[in-house]
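Asker: Single-letter residue listing:
There are 2 protein chains.
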Amino acid sequence: MITMSRIALLSILFWSFGWAQADDSVPAPSNVRGAEYPRVHSDLRVTFRIKAPGAKNVQLQPGGDDNGLGKGPIEMARADDGTWSVTTPPVIPGFHYYWFLVDGLAVGDPASETYFGWAKESSGVEVPGPDADFYAVKEVPHGDVRSRWYFSKTTQKWRRAFVYTPAEYDRNPRKRYPVLYLQHGSGEDERGWSNQGHANFILDNLIAEDKAKPMIVVMEQGYATPPGVVQATATQGRGTGQPSVFEQVVVDDLIAMIDSNYRTLADRDHRAMAGLSMGGGQTLQITLTHMDKFSWIGSFSSPLRGGLDLKTAYGGAFADPAAFNKKIHLLWFGAGTGEERMLKPALAMHESLEKAGIRNVFYQSPGTAHEWHTWRRDLREFAPLLFR
Amino acid sequence: MITMSRIALLSILFWSFGWAQADDSVPAPSNVRGAEYPRVHSDLRVTFRIKAPGAKNVQLQPGGDDNGLGKGPIEMARADDGTWSVTTPPVIPGFHYYWFLVDGLAVGDPASETYFGWAKESSGVEVPGPDADFYAVKEVPHGDVRSRWYFSKTTQKWRRAFVYTPAEYDRNPRKRYPVLYLQHGSGEDERGWSNQGHANFILDNLIAEDKAKPMIVVMEQGYATPPGVVQATATQGRGTGQPSVFEQVVVDDLIAMIDSNYRTLADRDHRAMAGLSMGGGQTLQITLTHMDKFSWIGSFSSPLRGGLDLKTAYGGAFADPAAFNKKIHLLWFGAGTGEERMLKPALAMHESLEKAGIRNVFYQSPGTAHEWHTWRRDLREFAPLLFR
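Heads up: the protein sequence lines correspond to chains A and B, in order.
Everything in the first sequence is counted per the working numbering, starting at 1 for the first residue and increasing by one.
Everything in the second sequence is counted per the working numbering, starting at 1 for the first residue and increasing by one.
Hints listed in this document are in silico derivations from the structure and should not be mistaken for laboratory results.
As the structure is a computational prediction, the values presented were derived from the model and not from experiment.
For identical chains, the list gives no copy identity; a pair is met inside one copy or between any two copies.
20 Å max Cα-Cα, derived EDC-like pairs, lysine to aspartate or glutamate:
{"id": "1", "residue 1": "K157", "residue 2": "E36"}
{"id": "2", "residue 1": "K153", "residue 2": "D253"}
{"id": "3", "residue 1": "K157", "residue 2": "E139"}
{"id": "4", "residue 1": "K138", "residue 2": "D253"}
{"id": "5", "residue 1": "K51", "residue 2": "D103"}
{"id": "6", "residue 1": "K157", "residue 2": "D133"}
{"id": "7", "residue 1": "K56", "residue 2": "D103"}
{"id": "8", "residue 1": "K293", "residue 2": "D320"}
{"id": "9", "residue 1": "K153", "residue 2": "E139"}
Throw the hints in and build the complete structure from the sequences for me.
Answerer: What follows is the structure, given as structure tokens:
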């Protein structure tokens, strides 16, 4: 009996200090091949580690205030071998940008793959949550994500787009497909929707389950400067402040390039555009002022202006609700419940549009903030509604 | 006259100290969008810069001994604003891995794109040289580089391959194409040949000039472990030391996946394999022991064993020279004149094969070392010989 209670006591002590917790952690799927850290525990705690023997102070810095890892900087502790580590409390599932602050210097984690965000190749950690299945690579037919270079007349520069073609595309050489133009956010680029967003797996899975129509998805970079103007860095996710000719690139160059190189249904009834954050703002601007080109519209966590005058906004697109409803097949807004600064204005816009008789859909992603998990869910909800 | 000579004198002084050199430098094309540094000067000097106000010592570390930037670490100098910089002497043109050592800690350059090499996402600098045209993006028809996921029966894991389809591929839905399997080196991965190597632009340009036949190029990762074995990190470019099942992946899984998803000419006469460094060694091993599957072979800067017994090597592939010459359409070796440790054994092998009556081609890349510029040139020389 004495022995038993000792064990029980020790057990409680161990548990309190975390020593007796079975280490069921696994390397994050976002790590480079074979890297042991970051590690994700089954209760969604995450352990980060970096070797920096000469450092005096090392911190974990989640990218942005809305980051599901929590607010930074988070202090890390030094071990005798010069490694610094920290285990977070359980985090919000999804993809989170991060980096380390080594004596104040922002440093990427050499154990992480890189993900273009915050205007640099950031580290990122993928924390698989309960609903990770919908964006996982699964045993279903897979489409290709094609890297495509083209020369823009507008910018007089070469640009790269990524083009998702559905799994059946190559097997149906006469069939034509509708197109979704899908944009990233500020500080990110044309790689975001496949690398961070898993857009290809989301579409593969939806199409395999017959929940979405097979479609082409075009992912471009939301930056464009006039000829002779050097592109500024997208600093700290807050845009460049430069005049952008991205709208002209889409309308004059990109659509024509896609329609001439891929088997598209090249009309407004089969052309959608959506984007996240900055890309959502670009989507509203481009689609609502070019309704001859687009008829399906998605705004994911966009920075919407309050107090919009529905008579004059976007060139008067909303001025005649009946005409708008007839013309636009889908106007869709999404935001996460964890990102109040995007959710509130989106909800206000949704309500004022509804009040004015303009048909639109509003989706709230439960528990997620201004991060990729929100936008993955947005795509899962939005894509099935397209081209019906 | 006095004024003139003063100016001349000052001019000489300025020139000697580098003050009067017009700064004709431009941001390296390998930088992230809008980043000003690294900058490449017209005489091929390169200026690196990083802001690290709290650091006591910052050095530039080229990746590897053969690096065209020179031998590291290279000391950088601190300016009052906390930026550290160095301008190298003129460097060898091409692509060079690098990182910074900030008080001894290896740190990526936030201004650089990342390139998977040295088993991590390394920084890299592209220094355009006199022959940069052949791998440049030009106004010619462009093929797509497709990212393709597939499940490997051998490893019981998902794998990603990149597949280049030539520009004409989608326009000829009945035409079938030969295939080149093209492998990266140790510490790199399936992204290397397009990101670092510009293989797609090299092929686009060769095909547009009618110098190479339109072909499919498959770029896979040269790592594979048996089911249940966790892939180790490819440490410092020296391989993992783990037993590899890559040969089985290629022979049993990859070829079948490619042949069933792309319009290939699915026989040995239309199947080539080449690789660089570790990938070249894998190529020789796989092709020479599977001559029923491959008939075109390229070894770029491979770590070749000296004193090969031609009777028994590679399962006796060379034992009957006449039979070998009849069966294999091309056996091709390449190395740079700046990488003696790869050049000498390759040259020895070339000569001993020739002496034994085995037809093979040897190419030396002038002035380049164990780096991507050598391998870009290898591909430029090798691809035109294929499938003739």
